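**Student:** Which chain is which? The protein sequence lines are A and B, in order. All residue numbers for the first sequence refer to our numbering, where the first residue is -8 and numbers rise by one. All residue numbers for the second sequence refer to our numbering, where the first residue is -8 and numbers rise by one.
The hints are simulated quantities; they were obtained by calculation from the structure and are not laboratory data. A hint or two may mislead.
Restraint-style ranges between C-beta atoms, simulated for each label pair [unchecked claim]: (1) A/Thr137 <-> B/Gly110: 36 to 42 angstroms; (2) B/Val3 <-> A/Gly196: 21 to 27 angstroms; (3) B/Arg204 <-> A/Asp205: 27 to 33 angstroms; (4) A/Glu166 <-> B/Ser(-7): 32 to 38 angstroms; (5) B/Glu34 <-> A/Ser56: 43 to 49 angstroms; (6) B/Glu35 <-> A/Gln105: 20 to 26 angstroms; (7) A/Gly(-6) <-> B/Gly185: 30 to 36 angstroms; (8) B/Gly110 <-> A/Asp205: 49 to 55 angstroms; (9) B/Glu186 <-> A/Val199: 49 to 55 angstroms; (10) B/Asp22 <-> A/Asp135: 39 to 45 angstroms; (11) A/Thr137 <-> B/Gly8: 40 to 46 angstroms; (12) A/Gly201 <-> B/Leu169: 35 to 41 angstroms; (13) A/Asp108 <-> B/Pro191: 52 to 58 angstroms.
Remember, predicted model here, so these are calculated numbers, not experimental data. Where a beta carbon is used, it is the ideal one built from N, C-alpha and C, also for glycine.
Okay, here's what each chain looks like letter by letter:
There are 2 protein chains.
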Amino acid sequence: MSGYEVTSRNKVRRLEGRAHYDRETVHAVLDAALVCHVGIVREEGPLVVPTIFGRIDDTVYFHGSVASGNLRAMRAGTEVCVAATVVDGIVLARSLFNSSMNYQSVVAFGRSRQVSDPGEREAALKAISDHVLPGRWEDARRPDHTEDLQTAVVAVDIEQASAKVRDWGVGDEPEEDLELDVWAGVLPLRMVTGEPQPDPKLRPGIEVPGYVRDRE
Amino acid sequence: MSGYEVTSRNKVRRLEGRAHYDRETVHAVLDAALVCHVGIVREEGPLVVPTIFGRIDDTVYFHGSVASGNLRAMRAGTEVCVAATVVDGIVLARSLFNSSMNYQSVVAFGRSRQVSDPGEREAALKAISDHVLPGRWEDARRPDHTEDLQTAVVAVDIEQASAKVRDWGVGDEPEEDLELDVWAGVLPLRMVTGEPQPDPKLRPGIEVPGYVRDRE
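Input sequences plus hints: build the corresponding full structure.
**Tutor:** Structural data, given as structure tokens:
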């Protein structure tokens, strides 16, 4: 896979050592983030909306109610920025100035379009489901005709993107700071699952599925 | 504290039962989110940038390099949308259609302004530090004059905001779905800290501080 073209829109100008434009890295960060934040421009100014999403190749998919005003704007076709961020740790230098975060982030750009083709709609909904919880699509009841009519699916074909990754320890400290009596290092952060909480109406004898119990 | 005025910009139109406009809820969600996503409008279209932040009352603070192009636009004063999201779980209904997420999110709007007053700058930098890791501000070396000159601080005084919170189990399922042989319930998700990783250059005898070890 080739990299994304670097233009004025997606060029990382600050901390360029953290920048990546190859599709492998951009896709990996998108896949690692559970939710993304979608930016569009409305009459009053910028709007950022958190949402779950799915990815197939260079296309990001969203879904929601056909009654959603934000999705309506995206269905009509508009410039979109998709940001996905995974926080991996707090980097504690001896000075506040040199302290940082470890993270993986993607900022991607493209135009939105409504997805109407039944095949692409189904693939998109499966991609979203698989993104949140692999295995669920095969187990849960799929949308029926009435539910399908209530569901809007929107795609953003990524035209430009950049990833930023910081995954190392404390850096850039002046020599004299090393003499300070201040702890320095990395405090890792990660998302974990808790104990599955069964619905009170769960029928007896239905065990927690493996794909729920073992989700990382 | 009173609530935010509800206007066409911040009114939650979908799933209104999850909407909150009171300052307590909006502030609590902002405080619970480690990073936020900031949306601005550039010539080419929307841009969304992930960043750490701090909050004092109704003002959200960001900081970064004076060389940052994105911060430059915000320093000049522009319409900004700040979104902060905490994911609390995956809600697994028996159908994909009724499945959902548990989450807390805020979408806030305001104009950005450069922070130049030394007192407000210091309060802002402390708020950002306290937001990421309470206790660190008192322990680490604070910015010196040279570092201060390299640091831009931007404020967004929140004019409008809404919060959305979903924190319950499976709902809205049609009766017939309850008969399905599909597990239903909530898979909780939460962010946890790992074992602190000391900098290899750490001077001997400096223990992991309590505020690092005990951060939730």
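**Student:** Given the hint of 43 to 49 angstroms, check if B/Glu34 and A/Ser56 actually sit that far apart at their C-beta atoms.
**Tutor:** Since the Cβ atoms of B/Glu34 and A/Ser56 sit about 32 angstroms apart, the hinted range of 43 to 49 angstroms is violated.
**Student:** If you check the beta carbons of B/Val3 and A/Gly196, does the distance land in 21 to 27 angstroms?
**Tutor:** Violated - the Cβ-Cβ distance for B/Val3 and A/Gly196, about 40 angstroms, lies outside 21 to 27 angstroms.
**Student:** Quick check on a hinted range of 52 to 58 angstroms for A/Asp108 and B/Pro191, using CB atoms only.
**Tutor:** holds (55 angstroms)
**Student:** Is it true that the C-beta distance of B/Gly110 to A/Asp205 lies inside 49 to 55 angstroms, as the hint says?
**Tutor:** holds (52 angstroms)
**Student:** Is 32 to 38 angstroms a correct range for the gap between the Cβ atoms of A/Glu166 and B/Ser(-7)?
**Tutor:** violated (52 angstroms)
**Student:** Starting from the hint 49 to 55 angstroms, judge whether the C-beta atoms of B/Glu186 and A/Val199 obey it.
**Tutor:** violated (28 angstroms)
**Student:** Do the Cβ positions of A/Gly201 and B/Leu169 conform to the proposed distance bound of 35 to 41 angstroms?
**Tutor:** violated (23 angstroms)
**Student:** That 20 to 26 angstroms hint for B/Glu35 and A/Gln105 (C-beta), does it hold up?
**Tutor:** holds (22 angstroms)
**Student:** Starting from the hint 30 to 36 angstroms, judge whether the C-beta atoms of A/Gly(-6) and B/Gly185 obey it.
**Tutor:** holds (32 angstroms)
**Student:** Could you say whether the range 36 to 42 angstroms given as a hint is met by the Cβ separation of A/Thr137 and B/Gly110?
**Tutor:** violated (59 angstroms)
**Student:** Holds or violated: 39 to 45 angstroms for the Cβ distance of B/Asp22 and A/Asp135?
**Tutor:** With Cβ atoms ~41 angstroms apart, the hint holds.
**Student:** How does the Cβ-Cβ distance of A/Thr137 and B/Gly8 compare with 40 to 46 angstroms: does it lie in that range?
**Tutor:** Because 22 angstroms falls outside the window, the suggested range is violated.
Consistency with the previously given hints fails for numbers 1, 2, 4, 5, 9, 11 and 12, ordered from lowest to highest.
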